[in-house]
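Q: Read off the chains here:
Protein chains: 2
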Amino acid sequence: MAVYTEVSDADLDAFLRQYDIGEALSCKGIAEGVENSNYLLQTDRGNFILTLYEKRVARDDLPFFLGLLDHLASRDFPCPTPIHGRDGAALRDLCGRPAAIVGFLAGMWPRRPSPDHCRALGEATARMHLAAADFPLRRENALGPAGWRALFEATRDRAHEVHAGLARAVGDELAWLEDHWPRDLPAGIIHADLFPDNVFFRHDRLSGIIDFYFACNDFLVYELAICLNAWCFEGDGSFNITKARSLLAGYGAVRPIGRDELAALPLLARGGALRFLLTRLYDWLNQPEGALVRPKNPLEYLSRLRFHQGVKSPAAYGLD
Amino acid sequence: MAVYTEVSDADLDAFLRQYDIGEALSCKGIAEGVENSNYLLQTDRGNFILTLYEKRVARDDLPFFLGLLDHLASRDFPCPTPIHGRDGAALRDLCGRPAAIVGFLAGMWPRRPSPDHCRALGEATARMHLAAADFPLRRENALGPAGWRALFEATRDRAHEVHAGLARAVGDELAWLEDHWPRDLPAGIIHADLFPDNVFFRHDRLSGIIDFYFACNDFLVYELAICLNAWCFEGDGSFNITKARSLLAGYGAVRPIGRDELAALPLLARGGALRFLLTRLYDWLNQPEGALVRPKNPLEYLSRLRFHQGVKSPAAYGLD
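Chains as they are written, first to last, in this note's numbering: chain P, 1094 to 1413; chain E, 1094 to 1413.
Chain P with its partners taken away, still in its complex shape:
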């Protein structure tokens, strides 16, 4: 939810002359995408999304992200398709920032996800994992376990401002996860940020997945651990096992989940909760000047972490 950079009409016209997508009819900053400036661009040829990459996205990562979208789109996976300019490049500069145009994806994200949404999400996630299997580039998960300690160190001294005892709870969990994190599970490219606002539906059918700017190489089942956190808790903090079962069944119908993957799910779900707890805590304590974003409450994820800590077996997620 951010628009940081003001693009002038003259700059935009010059930028668009490098493409073959017609001329701008309008270009409006939209309240989507936390990390970048996004604009809904309408030309006489159609609708597009123009993204200016702000400083939180590393320029060196952009060929990975845009290449992945090209790769997935070429396999008919419903994701934004990068638009290549007359010179063949999908990535160039606008207003001093890296910028790209992607095709517009119709649909709306579900404000109240249902079990059916979760099943469709599971199926699409598995299809995405399979479609990305032969993508040749790699990107480490900067927000995986190796990145958590740095976030912890950057937040521990002020964590009590958010919640008494939070630094201790996070520190204990982090130490435990560092000791127990699995080393050998099926891995590949994951989206790593599959929250409801990144998944579009039309008539309850999944129409597209967006915002691949955390995509990376990691355990495939860690993606499901994130989805359990992001889709299967209700507003009151309770866990909806029907949604979890639908999510996992949808995924498993396309790519069977291995026994080792299932066994690791409770631990990975703790990791997923800790990851969002840490990044939200960091953002809460470090609100950038001029951002149009209100940080999300980190404590939701402390509550989710507590839930997963109490899980004794994958059966808690609706699995047999």
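Simulated from the structure, these hints should not be mistaken for lab results.
Some hints could be false.
Which copy is meant is left open, so a pair is good if it fits within one copy or across any two.
[To be verified] Think about it this way: if two alpha-carbon atoms lie no more than 25 Å apart in a straight line, the pair counts; the simulated SDA-like pairs of lysine to any residue are:
#, residue 1, residue 2
1, 1121, 1174
2, 1121, 1190
3, 1121, 1298
4, 1121, 1191
5, 1405, 1253
6, 1405, 1393
7, 1389, 1288
8, 1389, 1328
9, 1405, 1360
10, 1389, 1101
11, 1148, 1167
12, 1121, 1328
13, 1148, 1204
14, 1389, 1104
15, 1389, 1235
16, 1405, 1247
17, 1121, 1373
18, 1148, 1220
19, 1121, 1104
20, 1389, 1120
21, 1148, 1197
22, 1121, 1106
Fit chain E to the supplied structure of chain P, relying on the hints for placement.
A: Below, chain E alone, put in the same frame as chain P:
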């Protein structure tokens, strides 16, 4: 620049069934319009703007605003056209707020207004004044001189937080304007907020004027006084007389400016500067919790006020 209300997909679908404009393909909050929540709504029939009126817009004023747009559109003035539902109504409720859909207006607002933009603005403003002349509803200017004292009283005690001596400067000017404000100039309906971001252009031709939510009955030439403030100062605070001359010449070519109107222009320009100084000061001191808006700096308008205070005759605005 605000999106305050989250509209769910289910609520939107039910809302759209009251219209004959097709079904939603997407609906994205856009970073335009300070007072309301605006969404770019795409259906299988076209593009629209959905507006939810937040609390700063009085519900009783909405028939005036929407009726004015209907009236202007019926006279081929390029403004957003209200979409009427199957029941004939243009105004209904969504998510507990008054809501309306208007047609989408292509174009982009000029980030760097040129004299040609100012001339086109002047022409369109005069056409708008003439087209609105027989609109039957009335609305007082709540932010005209009668409203300034209340804003002053609400800000004077903390004005020094923004600038030393500001309360005194504003109070003196307000007293002077109250004594000297004209009583008898040609009046009619004015837009009253003709800033560059409310005026769209395509290929340097004016394609539309939006955001009529300050429209009211007032002196017609007061509109030009606001435009002088909003369009004719450079980023460094200097006054661009070429732009002012173009603005007034464009207007005068469509609706001649009377001698009494010209004579009043320097005084009205002081009033226009004070109006935006006061509202920006109020917003600066009263930032709403949760707003995605950064208030604009009020001091720009102190500097503009100082300029107009030094003007001895309309010649300073490029007039002969």
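Q: Could you run down the list of hints and mark each one as holding or not?
A: Now for the hints, and whether the structure bears them out:
Proximity of residue 1121 and residue 1174 under a CA criterion of 25 Å is satisfied in both settings, with 20 Å inside one chain copy and 19 Å between copies. Taking the shortest alpha-carbon separations for residue 1121 and residue 1190, both the intra-copy value of 18 Å and the inter-copy value of 23 Å come in at or below 25 Å. In this homomeric assembly, residue 1121 and residue 1298 come within 25 Å of each other (Cα to Cα) only across copies, at 19 Å, whereas the closest approach inside a single copy is 27 Å. In this assembly of identical chains, the alpha carbons of residue 1121 and residue 1191 lie at most 25 Å apart whether taken from the same copy (18 Å) or from different copies (23 Å).
In this assembly of identical chains, residue 1405 and residue 1253 lie within 25 Å of each other by CA distance neither inside one copy nor across copies; the values are 29 Å within and 61 Å between. Taking the shortest alpha-carbon separations for residue 1405 and residue 1393, only the intra-copy value of 21 Å comes in at or below 25 Å, while the best inter-copy value is 62 Å. Only within a single protomer do residue 1389 and residue 1288 lie at most 25 Å apart by alpha-carbon distance; the minimum there is 13 Å, versus 33 Å between protomers. With identical chains, the CA atoms of residue 1389 and residue 1328 are at most 25 Å apart within one copy only, with a shortest distance of 14 Å there and 35 Å across copies.
Taking CA atoms no more than 25 Å apart as the test, residue 1405 paired with residue 1360 passes inside one copy only; the shortest distance there is 10 Å, against 77 Å between copies. Taking identical chains as interchangeable, the C-alpha atoms of residue 1389 and residue 1101 lie at most 25 Å apart only when they sit on different chains, with a minimum of 19 Å there against 31 Å within one chain. Neither within a single protomer nor between protomers do residue 1148 and residue 1167 lie at most 25 Å apart by alpha-carbon distance, with minima of 29 Å and 47 Å respectively. Proximity of residue 1121 to residue 1328 under the C-alpha cut-off of 25 Å is restricted to the inter-copy arrangement: shortest distance 23 Å between copies versus 31 Å within a copy.
In this homomeric assembly, residue 1148 and residue 1204 come within 25 Å of each other (Cα to Cα) only across copies, at 23 Å, whereas the closest approach inside a single copy is 29 Å. When the C-alpha separation of residue 1389 and residue 1104 is checked against a cutoff of 25 Å, the pair qualifies only between copies, where the shortest distance is 24 Å, while the shortest distance within a copy is 33 Å. When the C-alpha separation of residue 1389 and residue 1235 is checked against a cutoff of 25 Å, the pair qualifies only within one copy, where the shortest distance is 20 Å, while the shortest distance between copies is 37 Å. When the C-alpha separation of residue 1405 and residue 1247 is checked against a cutoff of 25 Å, the pair qualifies neither within a copy, at 31 Å, nor between copies, at 59 Å.
For a Cα distance limit of 25 Å, the shortest separation of residue 1121 from residue 1373 across copies, 24 Å, qualifies, whereas the shortest one inside one copy, 28 Å, does not. Taking identical chains as interchangeable, the C-alpha atoms of residue 1148 and residue 1220 are never at most 25 Å apart, the minima being 31 Å within one chain and 45 Å between chains. With identical chains, the CA atoms of residue 1121 and residue 1104 are at most 25 Å apart both within one copy (14 Å) and between copies (24 Å). Only between protomers do residue 1389 and residue 1120 lie at most 25 Å apart by alpha-carbon distance; the minimum there is 22 Å, versus 28 Å within a single protomer.
In this homomeric assembly, residue 1148 and residue 1197 come within 25 Å of each other (Cα to Cα) only inside a single copy, at 24 Å, whereas the closest approach across copies is 33 Å. In the homo-oligomer, the alpha carbons of residue 1121 and residue 1106 lie at most 25 Å apart both inside one protomer (14 Å) and across protomers (23 Å), since each shortest distance falls under that limit.
Consistency with the previously given hints fails for numbers 5, 11, 16, 18, ordered from lowest to highest.
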